[in-house]
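Participant: Take a look at the letters that make up each chain.
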Amino acid sequence: MSAALAIAIWIGWGMLAISFALGLARLVVGPHLPDRIVALDMLALTAICAALLFALVSGSSSYVDVALVMALISFLSTVAFARYVEWVAFRRARQADPPPLDHADD
Amino acid sequence: MNSLILRAATRVLAPMMLMLSLFLLWRGHNLPGGGFIGGLVATSAIALQGIAFGPEVARRTLVLPPAVLAGVGLVVAVIATLPAGLVELPFFTGLWLKLDLGDGAILPLSTPLLFDIGVFLVVIGGVCAILLALEEDPETDQAGEP
Amino acid sequence: MSGWYAAAPLIVAMTTAAATTLAHAMPRTQRALSLAGAFALLAASIALMDAVWRGGMIVVQSSNWDAPFGITLAVDTFGAVMTLIAAITGAACLIFAIPEIEERHRRAWFHPLSHVLLLGVCGAFITGDLFNLYVWFEVMLIASFGLMTIGGTKAQTDGAVKYVALNLVATLLFLLAVGLIYGMTGTLNYADLSRTIPNVGNTGVLTASAMLLMAAFGMKAAVFPLFFWLPAAYHTPLVSVSAVFAGLLTKVGVYALMRAFTLLFTHDVGWTHEILLWVSGLTMITGVLGAAAQSEMRRILSWHIISQIGYMVMGLALYTPLAIVGSVFYLVHHIIVKANLFLIAGVAARLTGSMELKKIGGLYQSAPLLGVLFFIPAFSLAGFPPLSGFWAKLILVRAALEGREWWIAAAALVTGLLTIYSMTKIWGEAFWKPHPEGGEAAAPLAAAPAAMLAPIVTLAAMTIVIGLFAQPFWIVAERAAAEMLDPTVYAAAVLGGLP
Amino acid sequence: MEVPLALLIGLLTGVATWLMLSRNLIRLLLGFAVLGNAVNLLIFTAGRLTRDVPPLVPLDAEAIEGAFANPLPQALVLTAIVIGFGLLAFALVLAWQAYVRLGTIRTDEMREAEPPGEVKP
Amino acid sequence: MPGLSGEGHAADEGLEGRFRSGRAVLTVVLAPFVAAGAAPLLVRLLGHRASFVLALVPAASFLWLVARTDEATPGILESTPWVPGLDVALDFSLDGLSLIFSLLISGIGTLIVVYAGGYLKGHPMLGRFFLFLMMFMGAMQGVVLADNVVSLFVFWELTSLASYLLVGFESSKPAARRAALQALLITGTGGLALLAGLLMLANAGGSWRISDLTGAGSWIQDDPLYLPILILVVLGCFTKSAQWPFHSWLPGAMQAPTPVSAYLHSATMVKAGVYLLARLDPALGGSPEWLWILTGIGGLTMLMGVVFALLETDLKLVLAWTTVSALGTLVFLLGPTHEPGAKAAMAFLLVHALYKGALFMAAGNVDHEAGTRDLTKLGGLMRVMPVTFATAALACVSMAGLPLGLGWVAKELIGAAKIALEDEFGITVIAATLTNLMLFCVAAIVAIVPFTGKPTEPAEHAHEAPWSMLAGPVVLSSLGLVFGMAPNLVADSLIAAATTAVMGRKATLDIVLFKAVDWKFLLTLATFAAGAVLFAFWRRSAARWRAALNPTLDRGPDRGYDHAMAGLAALATWQTRIWQPGLLHRYMAASFAVVTLAVAASLARGDVRFNLSFDGGRLIEWAVFAVTAAAGLVAAFATTRLLAVTALGMLGLGVAMIFMLFGAPDLAITQFMVETLVVVILALVLIRLPGFRLSSRSDRPRWLYGSISVGTGAIVTLLLLGVLAEPFDPRLSEWFGATAVPDAFGHNIVNVILVDFRALDTLGEIIVVFAAALSALAAIGIGARARR
Amino acid sequence: MIEVVTQLVLIVLVLAGSGFALIAAIGIWRLPDALMRMHASSKSGTLGGGLLFFAVAIGVGEFDVVVRALAGVAFLLFTTPIASHLIARATYLLGVPRDPSQVRDDLEGRYDLNARVCQAPADVVAGASSPVRGADSPSTGTGGGAA
Amino acid sequence: MKRPASMFAINLMLMLAWCGAFGSFAPWTLLTGFLAGFGVLYLTRRVWDGPEPQYFRKTIAFVSFFGFYANALLQSSILIARQVLSPRITAQPGVIAVPLQAERDVEIAALAILITLTPGTLSLDVSEDRSTLYVHAMFLDDPDAVLHDIKENFERGLLEFLR
Ligand code: NA
Ligand code: NA
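Residue numbers (the working numbering), protein chains in the order written: chain A, 12 to 117; chain B, 9 to 154; chain C, 6 to 504; chain D, 4 to 124; chain E, 462 to 1249; chain F, 204 to 350; chain G, 2 to 164.
It is worth saying that the hints were derived from the structure and are not from the lab.
There could be a bad hint or two in this list.
Claimed, not checked - Derived lysine-lysine pairs resembling PhoX-like cross-links, with alpha carbons at most 25 Å apart:
id, chain 1, residue 1, chain 2, residue 2
1, G, 152, G, 59
2, E, 582, C, 364
3, E, 981, C, 438
4, C, 363, E, 915
5, C, 438, E, 838
6, C, 430, E, 582
Unchecked claim - Across the chosen pairs, the derived CB separations fall in these ranges:
id, chain 1, residue 1, chain 2, residue 2, range
7, D, 68, E, 1079, 16 to 24 Å
8, B, 10, G, 161, 41 to 49 Å
9, F, 270, G, 161, 24 to 32 Å
10, E, 915, C, 473, 55 to 63 Å
11, G, 145, B, 10, 48 to 56 Å
12, B, 23, C, 497, 49 to 57 Å
13, G, 86, F, 211, 42 to 50 Å
Stated by the list, open to error - A few chain A positions that, by computed beta-carbon distances, are all more than 12 Å from chain B:
id, residue
14, 18
15, 21
16, 22
In this text, a Cβ means the ideal position worked out from N, Cα and C, and glycines have one as well.
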């Protein structure tokens, strides 16, 4: 691996690190259920990117498998969350006095 | 989930995931994968079907009731521990049958592989049993009703 | 090939668990398979005991990889005895369960879960590997979770929540300790550990890890002050389930404590075993006082499990040959007696309508034979001569006196007295006292199915046999203790010539 | 990186403890999940860390050249992860059932097995 | 211990030479147990007549024992192995001391069995009664014949057990149940003390055989443990023999059917303590402690018993209190460890057994026929129950110590013993004399009040008891008369032989029925006179005495028992509330706190090094660690549920990445998959549950729980740093690396470990998954039913 | 020469891939409402991941890795939009307030939360008899205009 | 012999022949064999009766659509990047209803997926009668342009490939 590529990867990591931070920030700040789910979804994507950078660094193709499985599976948790939010929405539709939206699932 | 888009996608995705799971199971002895990972991927496929089409469809994919499937997997795993007794080796010793397919291609059949298949089935059956039981609960339809 | 003796109980239990699962839609077949499996397990453990007794320790390198690289199954006398007792208890409780469980219980996977539970218990007794022990603990635990919930009363659900939550903590403590110990020694094999542990330089961390392991096992064994889960839950499930729990589960914790603190961690006996001694004394006292505060049969009995665990730990803590013999003897005696008491409580409740002492009575009139059957394990539990519990207590008290540990001997004796108090409370209220609803309120013993009485009679007979003919049991316990106190023999048997 | 990882594991353990001390059953179970992760990391770390080189023997080789990650803790942790998953899944189902049966997920309101004030002298 | 040979009589005789290989004594002990087992069946077949069959067992023993009176002086030793590993054998010794007890047990036992057949005729639980009674008989024989501390203790406890069952025989009566329990707990407490004492004694003496321990002289008194041993043994004996302050159970035990009171609670069981004190006298006796304790407590009990007897109105209770007094007398006499005392004790033992047995049975007849035992309601029974009256009167002659009764002889011997004590123990002499005086009065009460005067209402429908209920009292009271007139029938063969055993040296007994008329004789007469005066006072003002004294004297120890029970319950409740409040969060907090503290304390127990080395690390590593840590913190302090769950998801992702960073792709995949499935399950579960708002955080003791959490985290970090400071032994991983491909044919070493090297772990693990599924289904069954 | 080109391509792919991932993150952070944030994650994130898959395919160069990398790209392209669609729908259903900059909402009032179905716009429903509709048939939202 | 499956089978046979000629079944050989076979078949497409076989049309449609689509994804990402990195967010979002020509589930789903990945649009839901796709658009300054873009570029290209 050339030094230039190494630097590029280092920069790439830096960008991913910032992505993690931003994603986590959105996760915490919310303010609503979907915001957090979107943040988590994005974080999973960032993790896939990290795995791929890893595959490049280590030269081990096994990390591609990690990324591959994540790419295929990670949406499942998002789907599950989405269904959860839908349920919450349906529930709120039936509630006479639903809780405030930022505590929609409480 | 009542989404046309999800359902259409699931028709493609679930088989893809099941294929991937078999692939991971098969090559797990040499590369990342194996019975667990394969089983978990297959479970994800079933879970996706359950979410998209409801538990009945997922159940039909499994052919057997999930708990029974896990039982079958357990039987397979236990069987894998036994052949060593026939050749006077200790419990669970791995036995290998390397079928020569000609041309240097070798199909390695072994009790560890059989065991891994058992693991695969148990993981699918076990986790799906819980998932589908949760999906199937009559409350699901009224979910959100406190 | 003798190694297959060690594997046989595991294979049998696994096969039965799988077979009863497959036969779930066929109630009669499932029941037959379950019973056949229980007896096959009994046969396998008898064969194992016989092989160990005649040929010495059985060591199997599972999958044929040498220790310490693979997982070793290593069965010495202690392990074989415990396996045998587990199989006996399992068979007894499963027979009892046949008339007890209803179709809805059966459909809730009672049979497969029971066999998984037995599998976990036997696995824990048979394995020679610390991480593998963790796995068998989990097998046992998860099955116990399910069994705990079968039946579905409110109290059961509440009890199950506490049982599950606290046992999850214990599980992780165990795992934590395994990780730390592995990190220091690089190995997981008992025998290899017993050789490498003395070489660990960071002794403070080693002792602390041992303490973590002690806490994990202690929690499983329900010692003071980690026993909370037991009184919260043991009075709630089906009778046959609570009986097998009462007999076996905490004893697996005791077994593990005894393995760990005879074979592995003997580098700082002055600290670890001294702590165990205090723990044992406080366990006895708090347990027996807890029982004194209860008025429901199974709750009384549950608290007594705790106090009795104190005795077993006491033997380990004293760490003399005689004391270890006492612990082994106590384990064997207690499993039989305590399982039987739970079964009897179940029958008593069936005849009188409740486990709550205030609401029942009249059994002395209506079911005198049940009185005899209760009296035997109850007074054995209290250490009354010449029943099995007497010998167990005698050995321990003698060991304590010989070791000049006066206060623990006193605690043991006082606990014995308070145990009498509790047992006579049950006797006085359930048997002697007339039923509060009048003379005919308690049904005669004939009202209880024979399948419930058969295991009770068998276990009571064993209690008497151990009491009257204690010598053979003494010999077995003595050999088990001698093996335990000489780790080098264990290590040599497992590792052979490996340095 | 063992030392920072040890600190992380300690932090997660503390966090998990805090969660497990909660009276809300869901928090408690989340705590169990966090603690499980911490313990798994601990086992992984206790087997010492090696960067980047997974314990995969190249398909054309008999053994790995040079240092490679310790495979044993990986196998142990894998087992522990799956076991922890099984336990957690059950516990979550139980929590739901507890709510169905007892009408609460607060453990201090679950007073069926040991009712308050039942023990009287 | 000091050598077993040397001083003491046993050594002189040559211990080993006297061993008998036979099983005769064993048979004497075990035969009643066999009879006990057969009793329910016999009763079912023969009804109350089964008593005659059962009585054959003690009768045969009695005859065999009578024939052994000559051999008993040197003693017979028998041994049957039982638990050799523990040095426990069924060792038996038949010497003078055991013989006198054994004769009483079998002799009175025969009469009692016959009596009980009449007394409980038609009782629905007669079979059970005989079961318990015969069991007791065997156990009591075992106590007095055993020569092994453990087998002695076995039989000792069995007598307590039999007593418990017999006292509670009329179990529908709450008083009977209370009395049974009280007796069991008090004697049980003593029994456990005794066990400890005997074990310590045996331990110090290096033998479990009593004849070894007593045959070696008083060596034990030099042992530093002598006093604890003494106290423990004495505690056992005193509780069993109802010495103050443990006596309260004995009056309570009168709840038992009268045959039981006559047999267990006057003639035999309550004497077990006396027996054991006498038995151990050669080893333990002779010290000032022994003297003070026995004489003091014995004397106090003696006096107290008779005072209370005067205050009772229930005939059986009167007798019970005099039994307490008699037991006190016996202990009192054993205190000085001199020959006159021992002789007097042995003689009084015999006398008391005869007259008290007779009186109880007579009282039982009165109760049975007249329907009451209340002295204030009884009177004039003489005419309807002449035989009963005669036996009672005769027994009372012995009791009062009047001439012609054996009591006179005993009194003489007691007098001799007192004189030997006189110099040091003036007060005790006074106490003994007072006791005599009052005992005389009690004897008068028992013999006169129920039988003389105008027939009261109960007397009007009373009849004489059947012969089976008369045989016992007649025989016993007659024997008292016979032995009283011809004391030499028993002087050598029984009393002297027993004294020999107690003193450890040959004792002889010359009984002269009437010595010179000296001041002692006059004192005796004066005592009688005073007793008569007391009786006169009693007749007039007993009711007033009772009213005046009962509130102040009333059974302190009996109340003490109640207080103790209440205290026990309160203590138990208090501690159980502390340990087991039923609150999961407290259980959790306690568990974490205890474990953390224990581990922290252990860390300080040895060398501790920590690995603090630090290699800088890569940017991505820091990022991943930071994200993981942040996710953990967010999960902990999240105020909404979904935030906590998504944070948990992020945490899982972070952990997966850590696995990835350090060469574990399999782990990363598994972790990620599991995390995903957890989320799927969580989403399914959470929707059915209420959210976090229902659990406000303010109800958590934040500082305490926060400290526990911080402590737990810190200790884990420290432990791990300590572990990392230890050089790692890479044997296993190197071996796995080298073996995976050539021998296990797999390139993914982790997978090879999972399915081959450590396949058993994996097998267990899939069983966990399997069982988790079944368990979850089982748990869901709960809810399905709940809704129906 | 090929080496250098490969390296250059790799560098570009790595930087671009990571860069798009970062942009997705920034988008998530900066964009004002949940629905808009989803645009960022679904497009930029997918592209970033895809580019990195390509980078690995080129960087490792083994056939099976290339195949897996392409499969990975396909998976990403396939799954991310579905996930986005589902969260977006859930977001809409939940009624999370949208940014004031929203100019139009054709969906407003078309959801029946109790029946859990979504209707076509009123005009389409009115003319529902015609199965084939022209591609240019105008769709005028009923609930147009800023929210 | 116009059905794609048959043509694909012939292509596979050509690939195998290629591999046999090289004496290798290595992955790269298989790939080049397939591509070479496709090329040869394309060149000889006139041999087959009737109009141009669907096999080529579809394959080429797919490839060109993929190219178009990859470009769209890039464009959309750049659009997002510009918006996200600009100091002020100027987007004018909104939900528009897109009448659907596509009828089969697969077509609708594919269209929804594609729309999500292309500039400024995100599929929200399909009406119950499948007549309308609701799309969230980020830049709704000119709704008709957006609508036109979707209908003309994506739906048509997709249907061409799928039908
Ligand atoms: Na237990
Ligand atoms: Na106890």
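Participant: Any of the earlier hints contradicted here, and which numbers?
Facilitator: Checked against the structure, the hints that fail are numbers 2, 3, 4, 5, 6, 8, 11 and 13, while the rest are satisfied.
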